[in-house]
Amino acid sequence: MLGMSIMLAACGGNTGEDGAKPSNNTAGTDSSQPFVFGETPLTFSFFGNYDWYTMNPWGQDPATKWIQENKKVTVQSIQSGGAALQKFNTMIASGEFPDVIWGDRGAEVEKLRKAGKLVALDPYLDKYPNLKKWAGEKTINMLRSEDGKLYQFPNWYTKNPMGNGGYAVNNKIYKELGSPKLKTFDDLYAYLKLVKEKYPDIIPFEVGMLGQGIDFLYAGMAEDRNVGQVSLRVVPQGNELKSLFSDPVYRETMVFANKLFREKLITQDAITQTRDQVKEKVNNGRIAVYGDFDTTVIGTEANSMLRAKDPEGGYTMIWPLHKAGVDPKKVWVNEFDSLGWNVSVITTQAENPEGIFAYLDWLTGEEGERIIFWGPEGMYWQGINEKGAPIYTEKYKNEAEERSKLMAIWDTFQWAGNTAFIDGAKAENEMSLPEDKRDWATVSQTTIAWKTSFDATEFGNIQPLPDSEEGMIMQRVADIADKVRAKALFAKDEQEVIALLDKAEQDAQKAGYDKLLKFETGKWQDNIKKIKGN
Numbered sequence: 002m003l004g005m006s007i008m009l010a011a012c013g014g015n016t017g018e019d020g021a022k023p024s025n026n027t028a029g030t031d032s033s034q035p036f037v038f039g040e041t042p043l044t045f046s047f048f049g050n051y052d053w054y055t056m057n058p059w060g061q062d063p064a065t066k067w068i069q070e071n072k073k074v075t076v077q078s079i080q081s082g083g084a085a086l087q088k089f090n091t092m093i094a095s096g097e098f099p100d101v102i103w104g105d106r107g108a109e110v111e112k113l114r115k116a117g118k119l120v121a122l123d124p125y126l127d128k129y130p131n132l133k134k135w136a137g138e139k140t141i142n143m144l145r146s147e148d149g150k151l152y153q154f155p156n157w158y159t160k161n162p163m164g165n166g167g168y169a170v171n172n173k174i175y176k177e178l179g180s181p182k183l184k185t186f187d188d189l190y191a192y193l194k195l196v197k198e199k200y201p202d203i204i205p206f207e208v209g210m211l212g213q214g215i216d217f218l219y220a221g222m223a224e225d226r227n228v229g230q231v232s233l234r235v236v237p238q239g240n241e242l243k244s245l246f247s248d249p250v251y252r253e254t255m256v257f258a259n260k261l262f263r264e265k266l267i268t269q270d271a272i273t274q275t276r277d278q279v280k281e282k283v284n285n286g287r288i289a290v291y292g293d294f295d296t297t298v299i300g301t302e303a304n305s306m307l308r309a310k311d312p313e314g315g316y317t318m319i320w321p322l323h324k325a326g327v328d329p330k331k332v333w334v335n336e337f338d339s340l341g342w343n344v345s346v347i348t349t350q351a352e353n354p355e356g357i358f359a360y361l362d363w364l365t366g367e368e369g370e371r372i373i374f375w376g377p378e379g380m381y382w383q384g385i386n387e388k389g390a391p392i393y394t395e396k397y398k399n400e401a402e403e404r405s406k407l408m409a410i411w412d413t414f415q416w417a418g419n420t421a422f423i424d425g426a427k428a429e430n431e432m433s434l435p436e437d438k439r440d441w442a443t444v445s446q447t448t449i450a451w452k453t454s455f456d457a458t459e460f461g462n463i464q465p466l467p468d469s470e471e472g473m474i475m476q477r478v479a480d481i482a483d484k485v486r487a488k489a490l491f492a493k494d495e496q497e498v499i500a501l502l503d504k505a506e507q508d509a510q511k512a513g514y515d516k517l518l519k520f521e522t523g524k525w526q527d528n529i530k531k532i533k534g535n
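Residue numbers (the numbering used here): 2 to 535.
Check the hints yourself; a few may be wrong.
Computed cross-link-like contacts, DSSO-like style, restricted to lysine-lysine with a CA-CA straight-line distance of at most 30 Å [said to hold, decoys possible]:
#1 K324 x K115
#2 K160 x K182
#3 K243 x K280
#4 K243 x K488
#5 K150 x K488
#6 K524 x K115
#7 K524 x K330
#8 K282 x K524
#9 K282 x K516
#10 K184 x K260
FYI, nobody ran anything at the bench for these hints, they're computed from the structure.
Can you build the whole structure from these sequences, using the hints too?
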């Protein structure tokens, strides 16, 4: 029914070449001249296709106010209200879309493309050169759809390791307990037991929204495993992808996670808690160890708040924990790929798709990145160095707490992140500051998070479309995985955990898991050929 709704929606309306709706505002669209910001105001609607995402009001902060006044760009947010899928399906059923949809690349994008609801971006690539310059031909080609055209504008694409995940310890609690060795899972277990005994009101191990930190345990159980394998539910063996449920490493992980959960050493609402609930606990220092994909994001503001109250407080990121005997340099709690994180697509609803592309391209360039990441010139930076990086002002150095709050707001407008530029500028500037003035996130990233990030480019876009036979299998397997994960945490002992995983494997195979794995193996091998230039 959902697929039929897309097709029916696609049949309505007058469309032009490549499925694009004729524009009512032709400024910068049909001309050989590029769109010029400030000459023609540009307003477009924007939908972030995530339950957790809420865009801050446009024009009410220094960065977007500057963009609105100097570039004449206004973005009208359509909020998900915590029900992104429902809202997205309503858009599909009605055929009424925002100008821009920001979300995961892959399946949802392809559904819209096949329905003729997306604008191809190829005509703009040479006219607006930032994306082509910074992402490069290989990344752009990996993002192309089956028809050979580009519809997706990537966010946080990179050629370098990146990531925000990792373990962080509460400094005050750690020091008060004597700063014990904290490297292996045995060390972790002993430390969490000590925390529970000495601090009954403190959560020993906060694992984040949906229990994401549990995946870190998988990454540390064996060498060269990574968190992405859990979310994809695949285990590479030679040239094939195998079942996650029957993987001995995953089974050992869930047995250990169950032990921590049963002994109340892990957040007891790990599977159901929201990001805001996690943030509240971290901000108030009510946790001893924090492990999550968002550690450097949430931890930055929390660290500033706690250190403002007590210089001995705050958090320190530590090297990823691991099973005894595992090489710590082969533990990957982050992953990156050249395609980045997610994408923006421009729908045929847009009156000025070229203007929107021009904005995204400006945003991913040096000036746009400086404004949306550090704010307008004269506030936290003044002038640039030979690499285009901003030169920090005294205000940046001295107002860490206020700066962190503003940067958290600006992060909600970052839809075309240029990792190479931002990371290079941050690292160069931050490490030149006195240690007590450095940005907590940048230090944590450059010393640990980026060094523990696995290059997963070859696994990009291997999953099938949801409405295909393999896509329906994928959804059934995902449901099985989510349920067994929760049940395994609540299991009464190790034997029950293993029995649950045995049943999950049987159910997944009945649902067609083997066929799905063969499909994804084929896509994976195709990616490897593309990366090698074949």
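**Message:** Hints numbered earlier in the text: which of these fail when held up against the supplied structure?
**Reply:** Numbers 1, 2, 3, 5, 8, 9, in rising order.
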